[in-house]
Amino acid sequence: MSDFIETLSKNYKQVIYIGLFLVLTIPRVYPLGLPIPLSDTTMGVYNQIEALEPGDVVVIGSSISASIYAEVYPQYIAVMRHVLGQEGVKVILVDHIPEAPIFTERAIEEANAYSYKAYGEELVHLGYIAGDEAAISGLCRDLHDLLQVDYHGTSISEISMLDDINSAEDFTIVLDFTASADSQYWLNQAYATYGTKIALGLTAVKVTDAYAYYTAGQIFGIVESTKGAAQYEILIDQPGLAAQGMDAQSLAHLFFIGLILVGNILYFVKGGKNQ
Amino acid sequence: MSAIASLISAALVIMIYSILYRENPLFRVGEGILVGATVGHAVVQAIFNVRDLAIIKVQQGLATGDISKILYVIPILLGIGLYLQFSKKYRYVSKISIAFMLSVGIALSMRGLLYNNVIGQIKGAIMPLNTIEGIAYTIGLISVLLYFVYEEKTSRIAGPLPNLGRYVLMITMGAYFANSIMGRLSIVIGTMDGVLVTPSIYLVPVAALVIVADVLTRRKQAE
Chain A
179 MSDFIETLSK
189 NYKQVIYIGL
199 FLVLTIPRVY
209 PLGLPIPLSD
219 TTMGVYNQIE
229 ALEPGDVVVI
239 GSSISASIYA
249 EVYPQYIAVM
259 RHVLGQEGVK
269 VILVDHIPEA
279 PIFTERAIEE
289 ANAYSYKAYG
299 EELVHLGYIA
309 GDEAAISGLC
319 RDLHDLLQVD
329 YHGTSISEIS
339 MLDDINSAED
349 FTIVLDFTAS
359 ADSQYWLNQA
369 YATYGTKIAL
379 GLTAVKVTDA
389 YAYYTAGQIF
399 GIVESTKGAA
409 QYEILIDQPG
419 LAAQGMDAQS
429 LAHLFFIGLI
439 LVGNILYFVK
449 GGKNQ
Chain B
129 MSAIASLISA
139 ALVIMIYSIL
149 YRENPLFRVG
159 EGILVGATVG
169 HAVVQAIFNV
179 RDLAIIKVQQ
189 GLATGDISKI
199 LYVIPILLGI
209 GLYLQFSKKY
219 RYVSKISIAF
229 MLSVGIALSM
239 RGLLYNNVIG
249 QIKGAIMPLN
259 TIEGIAYTIG
269 LISVLLYFVY
279 EEKTSRIAGP
289 LPNLGRYVLM
299 ITMGAYFANS
309 IMGRLSIVIG
319 TMDGVLVTPS
329 IYLVPVAALV
339 IVADVLTRRK
349 QAE
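Protein sequences appear in the order of chains A and B. Okay, so the first sequence: first residue is 179 according to the numbering used here, each after it adds one. Okay, so the second sequence: first residue is 129 according to the numbering used here, each after it adds one.
The following block holds chain A by itself, in its conformation from the complex (with noise of 0.2 Å):
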């Protein structure tokens, strides 16, 4: 018994490597179907879509790059599939950050966007647009003095959907996807100057800031992580990848609660603090 708890000792590090990918795996072989319970935060953003009106305007910010990708695209593609189903809704897309053109344009792809959405019309998506807060604040005071052109290069004057929206005051909903300060940049030119309604689709350490405005009321909802990704294509009747990834997660779960017990145990078993 010794001899295993010291090779558990020394070799802790592999022994955490091929549980997490055991428990990882698994799952994905043999799906556990495990029931995915919805979260108010969730259902703040699905109502509130729900709720939209022919000629309301969505605007939906991104800062998704390769490093949050899995974690903050599952439930981007998801909300977008939920407003782009959104009949005479308008929707803008904007980019915060460098990368984040290129999993926008995916995403429109992969939702299948001008199927739904005309562009020019009904969609239109502005690219990257460099200042951070200044970037934002001008978006929110007049689009239209801000950008000569949208992600494609068309003029923002022959982009007819344009024609009606000139400021924060004209957007119905604002939805940023983001690990970064763009959330608080929307809250500070957004929603403190023209009161435009704000939700959030955060990466997990994110989300317990955020906690502190929903409480508050100040965003109307958030998806959270991988989970609310879930959630949220559970409500559009659309499972994907991330409800296919809630099994493994709640495993791995498991494994580190049981990971904390062993250490533990081990600890006091090895003589605690004395040894």
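Accuracy of the hints is not assured; some may be wrong.
What the hints assert, rightly or not - Below, simulated DSBU-like cross-link-like pairs (lysine-lysine); rule was C-alpha separation at most 30 Å, straight line:
1. LYS348(B) x LYS188(A)
2. LYS281(B) x LYS251(B)
3. LYS191(A) x LYS448(A)
4. LYS251(B) x LYS375(A)
5. LYS223(B) x LYS197(B)
6. LYS348(B) x LYS191(A)
7. LYS448(A) x LYS188(A)
Stated by the list, open to error - Derived DEER-like restraints, expressed as beta-carbon distance ranges:
8. SER333(A) x ILE226(B): 27 to 35 Å
9. LEU432(A) x ILE147(B): 23 to 31 Å
10. HIS330(A) x LEU154(B): 36 to 44 Å
11. GLY164(B) x GLU288(A): 19 to 27 Å
12. ILE184(B) x TYR292(A): 25 to 33 Å
13. VAL193(A) x ILE234(B): 46 to 54 Å
The hints are simulated quantities; they were obtained by calculation from the structure and are not laboratory data. Small disclaimer: the values here were computed from a predicted structure and weren't measured. By construction, the Cβ of each residue, glycine as well, lies at the ideal position given by its N, Cα and C atoms.
For chain A, the structure is supplied; the task is to place chain B on it using the hints.
Using the frame of chain A, we list chain B on its own:
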């Protein structure tokens, strides 16, 4: 074509994850490709942004005589000024650009930050005490605030509340850490989704064989 793209993507994921075994040239190649592609793309996007957000406006201003558009030459000059950071003689010029950027940033965010993070949060903190959630929230808020009161008399009057605040903080940090774990796992699951599909999955046993061969070779060399 998509199969080739999928294979390349999976190969890069495995190359990056190979750091879990040990530092190796394949990891460094993967890392280099990621950094290079990101920087290259960012440079191109930056050039397009300077063209679309400033140069075109200056050109239009010169053509129509619109002063407000000609004034976009100022941010262009301030941007060029930033590069004088690399010159010992003219470094002071870059400080003008940096000072401008800082002042604009602070001015832009100040109103929103005060509204959202001070007024909005105080308004949000005043919860009705007719639910368990509201009572727990208020006790947690008061106890944490009292924990950060360093005045002796107040701490004495507050009794066990500051101590309770300490535990509330610990629970909050636990929530932060648990969320971090959830996030990291989501990233692993998401990247593995690209690897555990045909034909990419065939790269996994190949990678495992390479690692086993390396372990055996190193063991032999050690003997």
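Going through the hints against the structure:
1. LYS348(B) x LYS188(A): Given pair LYS348(B), LYS188(A) holds - Cα atoms ~21 Å apart, limit 30 Å.
2. LYS281(B) x LYS251(B): Satisfied, since the Cα-Cα distance of roughly 28 Å is no more than 30 Å.
3. LYS191(A) x LYS448(A): Holds - the C-alpha atoms of LYS448(A) and LYS191(A) are around 19 Å apart, at most 30 Å.
4. LYS251(B) x LYS375(A): This hinted pair holds, its Cα atoms lying about 17 Å apart.
5. LYS223(B) x LYS197(B): OK: LYS223(B) and LYS197(B) at ~25 Å, within 30 Å.
6. LYS348(B) x LYS191(A): holds, 23 Å
7. LYS448(A) x LYS188(A): OK: LYS448(A) and LYS188(A) at ~14 Å, within 30 Å.
8. SER333(A) x ILE226(B): 27 to 35 Å: holds, 34 Å
9. LEU432(A) x ILE147(B): 23 to 31 Å: Holds, at about 26 Å.
10. HIS330(A) x LEU154(B): 36 to 44 Å: holds, 37 Å
11. GLY164(B) x GLU288(A): 19 to 27 Å: Distance hint for GLY164(B), GLU288(A) holds at roughly 26 Å.
12. ILE184(B) x TYR292(A): 25 to 33 Å: Given a distance of about 27 Å, which is inside 25 to 33 Å, the answer is holds.
13. VAL193(A) x ILE234(B): 46 to 54 Å: Holds - the Cβ-Cβ distance for VAL193(A) and ILE234(B), about 50 Å, lies within 46 to 54 Å.
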